[in-house]
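Engineer: Those sequence lines, one after another, are chains A and B.
Once you know that position 293 of the first sequence is 293 in the numbering used here, the rest is easy, because the numbers rise by one and skip nothing.
So the number in the numbering used here is just where the residue sits in the second sequence, counting from 1, plus 1000.
Careful: at least some of the hints might be erroneous.
Unchecked claim - What follows is a set of in silico ranges between Cβ atoms, one per label pair, in the way DEER data are often shown:
#, chain 1, residue 1, chain 2, residue 2, range
1, B, K1411, A, K336, 54 to 62 Å
2, A, K226, B, N1253, 39 to 47 Å
3, A, I338, B, K1059, 53 to 61 Å
What the hints assert, rightly or not - Cross-link-like lysine-lysine pairs, in silico, DSS-like; alpha carbons within 25 Å at most:
#, chain 1, residue 1, chain 2, residue 2
4, A, K408, B, K1284
5, A, K255, B, K1405
6, A, K252, A, K360
7, B, K1005, B, K1387
8, B, K1252, B, K1238
9, B, K1238, A, K406
10, B, K1393, A, K379
11, B, K1082, A, K411
12, A, K224, A, K255
13, B, K1252, B, K1344
14, B, K1360, B, K1393
15, B, K1224, B, K1128
16, A, K284, B, K1035
17, A, K35, A, K406
18, B, K1005, B, K1062
19, B, K1288, A, K207
20, A, K59, A, K207
21, A, K406, B, K1255
22, B, K1288, B, K1035
23, B, K1288, A, K82
24, B, K1224, B, K1284
25, B, K1405, A, K236
26, B, K1255, A, K238
27, A, K307, B, K1393
28, B, K1236, B, K1307
29, B, K1226, A, K408
30, A, K35, A, K91
31, A, K59, B, K1238
32, A, K360, A, K346
33, B, K1005, B, K1406
34, B, K1307, A, K387
35, B, K1005, A, K393
36, A, K405, B, K1236
37, A, K307, A, K288
38, A, K288, B, K1393
39, B, K1128, A, K207
For the record, the hints were derived by calculation from the structure and aren't laboratory data.
Here the structure is a predicted model, which means the values were calculated and not measured.
Where a beta carbon is used, it is the ideal one built from N, C-alpha and C, also for glycine.
Protein chains: 2
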Amino acid sequence: MKKVKNAFYAQSGGVTAVINASACGVIETVNKSKKIHKVLAGENGILGALNEELIDTSKESKTNIAKLKQTPGGAFGSCRFKLQDPIKQKKEYERLFEVFAAHDIGYFFYNGGGDSQDTTFKVSEMAKKLNFPLKCVGIPKTVDNDLPYTDCSPGFGSVAKYIATSTLEAGLDVKSMAETSTKVFILEVMGRHAGWIAAASCLAATKVGDPPHIILLPEVPFDKTKFITQVKQTVKEKGYCVIVASEGTQTKNGKFLADSGLTDAFGHKQLGGVAPILAGMISKIGLKNHWAVADYLQRSARHIASKTDLDQAYAVGEHAVRLAIAGKTAVMPIIKRISHSPYKWKIETAPLKNVANIEKTMPRKFISKNGFEITQAGKTYLSPLIKGEAPTKYVNGLPDVAELKKIKVKKKLNYFIS
Amino acid sequence: MKKVKNAFYAQSGGVTAVINASACGVIETVNKSKKIHKVLAGENGILGALNEELIDTSKESKTNIAKLKQTPGGAFGSCRFKLQDPIKQKKEYERLFEVFAAHDIGYFFYNGGGDSQDTTFKVSEMAKKLNFPLKCVGIPKTVDNDLPYTDCSPGFGSVAKYIATSTLEAGLDVKSMAETSTKVFILEVMGRHAGWIAAASCLAATKVGDPPHIILLPEVPFDKTKFITQVKQTVKEKGYCVIVASEGTQTKNGKFLADSGLTDAFGHKQLGGVAPILAGMISKIGLKNHWAVADYLQRSARHIASKTDLDQAYAVGEHAVRLAIAGKTAVMPIIKRISHSPYKWKIETAPLKNVANIEKTMPRKFISKNGFEITQAGKTYLSPLIKGEAPTKYVNGLPDVAELKKIKVKKKLNYFIS
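Chain A extracted, bound-state conformation (with noise of 0.2 Å):
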């Protein structure tokens, strides 16, 4: 009888509100699984791998692990860190070969964005170089949904459902202010090349003229005058103006606003934040205004995650057990839409070769003219995404999440050195 061998999970890249749950999708599927025998999680990521800091995860209770699906952040520790070419630098690749011999890791699991899919895509390439015997599957993860093939990736629901909330709850706020403070709230939210986020703040909107009025996509090259035209005419019309801006809103040329080179008092170069350069720009022309940069707590709001996006993270993880186990190697678990209304969706696999390659920026169509506001198509692809809340249980008043143990399985080798 061929022996079962062990998995290898790491979570790499920016983490999300629902990574851990991708890896409890991941965890709980092996120990239901008798095919792989447990899973050892990468510290920090691939670089768990390189130096053999393995948590072994049949160490902790069934219940820290469940409460997985309730923690945000990256449990194990993720990493920026991407695999040397293997054509011009093999050394880091015998190394993750000799590891995963020493700890008879046959099943490698990589839970990361685009570039993580190129490194588990290379690993597969390795692997089979070598012939040594194991399968990689990607697990999609990233707040940007910029991810290709998945009609969209785990991470964005819940940040998504974040952003839309709080610009419909600061909307309130500053539309009680207007007549006599604030006129103009600006939100920024992440997205350096992707607008998906500040997109999704449409969503706040239930009825003409509810804010946001104004979202600025870096898919749009910005346009001060117009800008300026059109926070002006809202307040106008509307008494006060709701702008959601992506971070990586640029002009024409390609220049980011938030790399408008800030100095403070002491000259020293300050670092952007697209959000208060606007609110320079608004302060000008009169209108008092506030400004909110939502930075992490946007992407590691687990309170406010949205269910569905909670269930596809725990069904990438579960899949991609199921599809290692099937034998399939370089490929990834996706996310199909099959229907917008009523939702209905299903996991499909992609290959992971072109992952990396493909970067998903909004559609055009889903773009007003004026390029200020989405579409009734980007509405309706949006929306079923921020639906369903998954509450966290609350202790003394503050999200439960899970403390692991994280005990390391005992070193086989010698220390690596790059």
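Since chain A is already given, all that's left is putting chain B on it; use the hints.
Structural biologist: Chain B only, in chain A's frame:
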């Protein structure tokens, strides 16, 4: 038999996630009692009285009035407008009483912070002087928690819960990224003169070493050298550092950090934000950082309101009506803490006379010796205020908020020209 009179209710100053719960408390209590005919709500605070823009709340459905409890912002519009000094300029006061007489108003409920309660007091003094039968009762509200007499201010507990939860969630995010990416995260919160909101972030730490690692309060003079040393030390020890900074963080000569004279590439002066200033300092020592500015998001986040806060906001509205019916004037219902654990509280009454002149900042005993942390005494005070959840109803994935008809009563007077 004495004719039953109407009540005037208005919202004033910065709004909160639960100010409408106070409105609901007022309206429902009036509607249940037979002693007051109905509530006329001022559109945009006291301006509604001056301009005779009075919303007839009896035209709203019971369901919508109840839904105020889950609607952030100021449902009737708020204002930042201070009545002139009655000794120097009586015109505004004369107009107020003209409107009150025209609409048979015998009760004046003003829902706001210190400055607003000063208005309530002045109106009560003027009523006495003019022998106008008007019972004036203040309803406390402020996210800043700086009102005197009351143990806490309605509105604060919900911001505290939002900030503590966000610190916990973003803390998990940074922790998982720190090995290869962001090492320092800065969250800027409200609080220009009092650090209560920043202090509340301390509740995110459930064990030693948990974020937040550094809290910056307006009460503690900012010392750059000490701050940078603390950041370096924290990163060295814990691998990452989470900072929560009050917008009012200031140097020992009272200069706000946010007023550090940011200018953009075009030489335009930029609006503050203490977070980007701190981020600039941290970048200079070579630590990758991210920063968020919660701004209106924190005070409008009804979706994560504290049940304790919501109950108290309703209770002060309800008791304000009871006090007025009992013939009290120039008073304000306040929250009196009976015990910390189990947390018990009741409503008492305070005079309005000095409310505006006392600003309750953080007591020194709540602040650690190094000035960056909150002591056990502070945690004991803060902890019960964020307890309990008050889930919003969601429709299509978004909070279901009250959409009032806001039908105004017919004007009986000429326009007011101030």
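Engineer: Decide, hint by hint, whether the structure agrees.
Structural biologist: Against the structure, the hints come out as follows:
A beta carbon spacing of about 59 Å between K1411 of chain B and K336 of chain A agrees with the range 54 to 62 Å that was offered as a hint. Between K226 of chain A and N1253 of chain B the beta carbons are some 43 Å apart, a value that agrees with the proposed interval 39 to 47 Å. Separation of I338 of chain A from K1059 of chain B is about 45 Å and departs from the stated range, judged on CB atoms against 53 to 61 Å. With a C-alpha separation of about 36 Å, the suggested pairing of K408 of chain A with K1284 of chain B is violated against the 25 Å cut-off.
Note on K255 of chain A and K1405 of chain B: the hinted pairing is violated, with a Cα-Cα distance of about 45 Å set against a maximum of 25 Å. About 19 Å separates the Cα atoms of K252 of chain A and K360 of chain A, which keeps this hinted pair within 25 Å; it holds. Among the hinted pairs, K1005 of chain B with K1387 of chain B is inconsistent with the structure: their alpha-carbon atoms are about 38 Å apart, more than 25 Å. As the CA atoms of K1252 of chain B and K1238 of chain B are separated by approximately 29 Å, the hinted pair breaks the 25 Å bound.
As the CA atoms of K1238 of chain B and K406 of chain A are separated by approximately 16 Å, the hinted pair is consistent with the 25 Å bound. Between K1393 of chain B and K379 of chain A, the direct Cα distance comes to roughly 21 Å. Compliance with the 25 Å bound is thereby established for this hinted pair. For the hint linking K1082 of chain B to K411 of chain A, the alpha-carbon distance of about 70 Å lies beyond 25 Å, and the restraint is violated. A hinted pair counts as satisfied when its Cα atoms are at most 25 Å apart, and K224 of chain A with K255 of chain A qualifies at roughly 13 Å.
With a CA separation close to 38 Å, the supplied pair K1252 of chain B and K1344 of chain B exceeds the 25 Å bound. With a CA separation close to 35 Å, the supplied pair K1360 of chain B and K1393 of chain B exceeds the 25 Å bound. The suggested pairing of K1224 of chain B with K1128 of chain B is violated, with an alpha-carbon distance near 53 Å, which exceeds 25 Å. The straight-line distance between the Cα atoms of K284 of chain A and K1035 of chain B is roughly 51 Å, outside the 25 Å bound, and the hint therefore fails.
Restraint check for K35 of chain A and K406 of chain A: satisfied, since their Cα atoms lie roughly 23 Å apart, inside the 25 Å limit. In summary, the hint linking K1005 of chain B to K1062 of chain B is supported, as the alpha carbons are separated by about 21 Å, within the 25 Å threshold. This hinted pair does not check out: K1288 of chain B and K207 of chain A have alpha carbons roughly 42 Å apart, beyond 25 Å. For the proposed pair K59 of chain A and K207 of chain A, the alpha carbon gap of about 51 Å is over 25 Å, so the pair is violated.
Between the alpha carbons of K406 of chain A and K1255 of chain B the distance comes to roughly 46 Å, so the proposed pair goes past 25 Å and is violated. Of the pairs offered as hints, the one joining K1288 of chain B and K1035 of chain B is violated, with about 63 Å between alpha carbons and a cut-off of 25 Å exceeded. Restraint check for K1288 of chain B and K82 of chain A: satisfied, since their Cα atoms lie roughly 18 Å apart, inside the 25 Å limit. A distance of roughly 12 Å separates the Cα atoms of K1224 of chain B and K1284 of chain B; the hinted pair therefore holds under the 25 Å criterion.
Proximity of K1405 of chain B to K236 of chain A is assessed by CA-CA distance (about 22 Å); at most 25 Å being required, the pair is judged to hold. Our distance criterion of 25 Å between C-alpha atoms is broken by K1255 of chain B and K238 of chain A, whose separation comes to about 37 Å. Restraint check: the Cα-Cα separation between K307 of chain A and K1393 of chain B comes to about 14 Å, which is no more than 25 Å; the hinted pair holds. At roughly 38 Å between alpha-carbon atoms, K1236 of chain B and K1307 of chain B are farther apart than 25 Å, so this suggested pair is violated.
Between K1226 of chain B and K408 of chain A, the direct Cα distance comes to roughly 37 Å. Violation of the 25 Å bound is thereby established for this hinted pair. Note on K35 of chain A and K91 of chain A: the hinted pairing is violated, with a Cα-Cα distance of about 31 Å set against a maximum of 25 Å. For the hint linking K59 of chain A to K1238 of chain B, the alpha-carbon distance of about 24 Å falls within 25 Å, and the restraint holds. Straight-line distance between C-alpha atoms of K360 of chain A and K346 of chain A comes to about 20 Å, which keeps the hinted pair within the 25 Å bound.
Only pairs whose Cα atoms come within 25 Å are accepted, and K1005 of chain B paired with K1406 of chain B is accepted, the gap being roughly 20 Å. Taken as a hint, the K1307 of chain B and K387 of chain A pair is honoured in the structure, with Cα atoms around 24 Å apart against an allowance of 25 Å. With a CA separation close to 47 Å, the supplied pair K1005 of chain B and K393 of chain A exceeds the 25 Å bound. Distance restraint check for K405 of chain A and K1236 of chain B: the Cα-Cα separation of roughly 22 Å lies within the 25 Å cut-off, and the hinted pair is therefore satisfied.
For the proposed pair K307 of chain A and K288 of chain A, the alpha carbon gap of about 37 Å is over 25 Å, so the pair is violated. Taken as a hint, the K288 of chain A and K1393 of chain B pair is broken in the structure, with Cα atoms around 32 Å apart against an allowance of 25 Å. At most 25 Å may separate the alpha-carbon atoms for a hinted pair to count; K1128 of chain B and K207 of chain A exceed this at roughly 46 Å.
Violated hints, in rising order: 3, 4, 5, 7, 8, 11, 13, 14, 15, 16, 19, 20, 21, 22, 26, 28, 29, 30, 35, 37, 38 and 39; the structure is consistent with all others.
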